[in-house]
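Since the structure of chain A is already known, use the hints to place chain B on it.
Here is how the chains run, residue by residue.
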Amino acid sequence: MPDAIYAEGLVKHFGDVRAVDGVDLAVPSGSVLGLLGPNGAGKTTVVRMLTTLLKPDAGHATVAGFDVVKNPNDVRRNMGLSGQFAAVDDYLTGRENLQMVGQLYQLSKRDAKARAGVLLERFNLGAAADRTAKTYSGGMRRRLDLAAALIVQPSVMVMDEPTTGLDPRNRQALWDVIQELVKGGTTLLLTTQYLEEADHLAHDICVVNNGVVIARGTADQLKARSGHERVEVVVHGREDIVAASTVLAAQGHGEVTVEEHTRKLTVPVTGGARLLADIIRSLDEQDITIDDIGLRRPTLDDVFIALTGHTAEAAEPAESEENVQTENLPTKEMAK
Amino acid sequence: MTAPTVSTTQTASASAPPHARVGIGQSVRDSIVIGKTNLLRLTRVPEVVIFSMIQPVIFVVMFSYVFGGSMNVGGTADPGVYREFLMVGIFAQTVVFATVTSSGAIAHDMSKGLIDRFRSLPMARGAVLSGRTFADLVLMTFTVIVLAIVGALVGWRFHEGVLKALGAFGLVLLLGYALTWVGALIGVSVRSPEAASSAPMLWILPVTFISNAFVDPGQMTPWLRHVADWNPFSATVQAGRELFGNPGVRTSGAWPMEHSVLASLIYSVIIIVVCRTLAVRKYRNSTS
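One line per chain: the protein sequences are A and B, in this order. By the working numbering, the letter at position 167 of the first sequence is numbered 295, and the numbering carries on one by one without gaps. By the working numbering, the letter at position 152 of the second sequence is numbered 158, and the numbering carries on one by one without gaps.
Isolated chain A (complex conformation) (with noise of 0.2 angstroms):
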């Protein structure tokens, strides 16, 4: 199968603003790939020139084959949208929104009924099919605008931080239905700055910051980059942060970090579980007491720091003047 979505070199500006700088992408038919980054890095121009919104400054693009620029109508036919914010007309129904949206993707009047009822239903919205949008919740705004992307049953999806505002159980909820559609076959483009999002949504993951890919791979390709395991201990007394760290150093495999106002000690390890139950047992022989301890495996959030210096919530906005610095981070070949 040749690439559901594929981008090649895109480049837009806004003003002086290079605010996506030469993107290439790559989405193989069925599979998912996660666009990750802070805000302002360029995620949602990336979506809005995949998606016939934007024309791209340089570069060239495909959704389902057809070129964005020369055959857009062709795109939006066969590819759904869900945007960052909840796409829906206050003043309509659930059921009218999906209906007029059905209608304007070329449906029949009756084909676009049936669609409306079949995804409201789907969607858990059959009991607020025929209120009015304005009295929906945050949650439900999100599922009637993924319904209304779905109305065709496109065979690309691209959703542009779609849980972003939602509260965990909503998310979850929101996850279930993604995960959903992508076993039923549909391509799925999808942007986040929640890296476990990516984490648990996607198969391929594109680390976007300033306008750059800076690295791509498999969630755990990108963690394996960051390095190792660590073990974390929160002990109880401040006054053990001392000894602790001692004990730490001689068993971990690097430098001790300590953070003092919530008494957490973090050291990188090799050795797993059992390097663990040896670190628990010294510092018992010390008699220091501990709140917590655990081995964490890498986050994304470490891989961001590892590529960029700073954590994706601290990063630059796009307009900043550090977007040479990127290039200069040892990304060149790790986006290899």
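For the record, the hints were derived by calculation from the structure and aren't laboratory data. Heads up, a few of these hints could be off.
Some chain A residues judged to face chain B by a derived CB distance under 8 angstroms, without partners named [as the list claims (entries may be wrong)]:
| no. | residue |
| --- | --- |
| 1 | 205 |
| 2 | 217 |
| 3 | 219 |
| 4 | 224 |
| 5 | 228 |
Label-pair distances were calculated between CB atoms; the ranges are [as the list claims (entries may be wrong)]:
| no. | chain 1 | residue 1 | chain 2 | residue 2 | range |
| --- | --- | --- | --- | --- | --- |
| 6 | B | 34 | A | 296 | 44 to 52 angstroms |
| 7 | B | 211 | A | 292 | 37 to 45 angstroms |
| 8 | A | 259 | B | 251 | 47 to 55 angstroms |
The C-beta atom is built at its ideal place from N, Cα and C for all residues, glycine as well.
This is chain B only, laid out in the frame that chain A set:
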């Protein structure tokens, strides 16, 4: 899922169908879908409809009774004559004011995520705006009907038969429709609902007052009189007066005043063609 399956699974290949252009049939269909949606929306906020009807009624009453006694039209200061003179002006002014709602609503849509949804659908590009202006036209028609009834209550009549009266209403509504495209153009250009609602006043007040709608331009200074005579708004008002057989038909050498029906038609068509083209282009290229 048991829904009617839609064939969307396109086998991706290089042999994409050549640039499937949207046909006129689809344009009309999409516009009707959007237009109906807009009308449906209006029924959810009936206040908007009610206010848009009350305002022109207030104008009729105010002008009739406040100005009525002191206006000299057609050589008489009879307030009854002024009321007959006034009504066409109010009809035309009402449809002009309707454009404020148009541009506000379009700017509002443009500023929300909904427009991205529309722009990502395989629908006719002009349909969002065409649907909106169509809905405005429907609302406008209702307002004009209500106004006509109120006018009849304060003494306004038409004297040239039903057909000509309908023709007059047709010209007024055509002007109104043309101006909703001005509103649409403003709506897609300014991109903030607040600006879109206040910007139209900049041209609406001069256009409606430097005209033959409320006073006889014969009393104006010469240059202003020329502006009034060539004002598209005046042409429609003049045509309305002729077709209704209302007093105050202006005789001046200006071409639009002498051929008011034709002039009104030409003006409206030009406005539609120019503003629609610009507005749709702007919409298509917009990147919110």
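> Which of the numbered hints are not met once you compare them with the structure shown?
Replying inline: none
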